[in-house]
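Enquirer: Chain by chain, the residues run as shown.
Number of protein chains: 2
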Amino acid sequence: MPKSITPPDAARPMRERILDAAETLLRRHGPAKTTVSDVARALQMSHANIYRHFESKAALQDAVAERWLDAVSAPLEAFVTKKGPAAKRLEGWVLALAKAKRRKILDDPELFAAYHAVAEAARDVVEHHLATLVRQVTTIIVDGVKQGEFKVKDAAQAARAVLSATVRFHHPHLVRASGGADTDSDIKAVMKLVIAGLKAGAA
Amino acid sequence: MPKSITPPDAARPMRERILDAAETLLRRHGPAKTTVSDVARALQMSHANIYRHFESKAALQDAVAERWLDAVSAPLEAFVTKKGPAAKRLEGWVLALAKAKRRKILDDPELFAAYHAVAEAARDVVEHHLATLVRQVTTIIVDGVKQGEFKVKDAAQAARAVLSATVRFHHPHLVRASGGADTDSDIKAVMKLVIAGLKAGAA
Chain A
1 MPKSITPPDA ARPMRERILD AAETLLRRHG PAKTTVSDVA RALQMSHANI
51 YRHFESKAAL QDAVAERWLD AVSAPLEAFV TKKGPAAKRL EGWVLALAKA
101 KRRKILDDPE LFAAYHAVAE AARDVVEHHL ATLVRQVTTI IVDGVKQGEF
151 KVKDAAQAAR AVLSATVRFH HPHLVRASGG ADTDSDIKAV MKLVIAGLKA
201 GAA
Chain B
1 MPKSITPPDA ARPMRERILD AAETLLRRHG PAKTTVSDVA RALQMSHANI
51 YRHFESKAAL QDAVAERWLD AVSAPLEAFV TKKGPAAKRL EGWVLALAKA
101 KRRKILDDPE LFAAYHAVAE AARDVVEHHL ATLVRQVTTI IVDGVKQGEF
151 KVKDAAQAAR AVLSATVRFH HPHLVRASGG ADTDSDIKAV MKLVIAGLKA
201 GAA
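Respectively, the protein sequence lines represent chains A and B. The first sequence begins at 1 in UniProt numbering and counts up one residue at a time. The second sequence begins at 1 in UniProt numbering and counts up one residue at a time.
If you're looking for bench data, these hints aren't it; they were derived computationally from the structure. What you are looking at is a predicted structure, and each value in this text was computed from that prediction instead of being measured. One thing to keep in mind: the hints can contain errors.
A pair holds if it fits inside one copy or across any two, identical chains being indistinguishable in the list.
[To be verified] Pairs of lysine-lysine, BS3-like flavour, derived with a Cα cap of 25 Å:
| id | residue 1 | residue 2 |
| --- | --- | --- |
| 1 | LYS99 | LYS151 |
| 2 | LYS188 | LYS151 |
| 3 | LYS33 | LYS83 |
| 4 | LYS188 | LYS99 |
Whole structure, please, built from the sequences with the hints as guidance.
Expert: Printed below as a string of structure tokens:
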């Protein structure tokens, strides 16, 4: 099958089909007005079938938020696993994160508004996402130390400082408020400072 | 007169008394429900007297926002003018800014909510405030270059990068959302990276 053809709905795992339907309804009606019954109706299946996959409306909404956030963090894994100078990988990671957030937030504002309301209630999912980001950056920094590029005592602490220093470019509220006005060169200006700091052993 | 005694209202310049009254009313009723008539009534004076100082309700609200923001930036000037290592002054400046924002936002949430609504409409005032912050940081960085501490080509660009890298600690939305959870040691961790970057000539 050529790569560009989306598999027909029926070929997708049921869990994904339920999430697809929930996402469409959330986008259209918002989280308060989207019930498990609505999702079941859209898929022409029983409530019971939904509840086999998600134990509650909250669990279903959490899963939507989780999938949304995983779509941001999963492609970043490439910068974690690939070879090469850690400084370049770290900059690439931040640029890719910022780009993914801009796309998610600015290209699909309806879904973002729905997601944002869901995420407010799904703190565990958001915390898990942030922990994933910290873990990815920590791994890159540890590689940088091994390769003799960075002088860092506590890589996890340094990773948190890197995420703090770049929050302007990946925090949903700030990305939305800026309307994507921050350019890659703004990000690179901050990353130059941050990377020089990691090289100098400031963290 | 002992220093601790506030001068009686009548001793304050009229402009300040009008702003005091407007601030009290904004805090209590919000910007939409606070009119020039309300302010005049609270001060037992005529509209005309208010309009002698502020040409419109918008001008009065802008002045409230401006005073609010000046109360944040004016004390930071001490870090700009004092002698000593630029790195230490820059860290002190960021810590003081973060502290002032925390105090303004968390200690007086009613006024902050009113201010925030006013500031949304007073973009020029906010831009002016941000320009003041950039100017202060630029001056400290220029001193650091003169003193041989920092290697920086474009001090204004470096100053903007420093403000971006610390936005987590001074952006109203993030300060409010964190509820002041970010500590001075979180700020210092970021500033270590930033200052090492300025020393290494990364900006």
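Enquirer: Which earlier hints can't be squared with this structure?
Expert: Hints 1 and 3 are the ones this structure does not satisfy, whereas the remaining hints hold.
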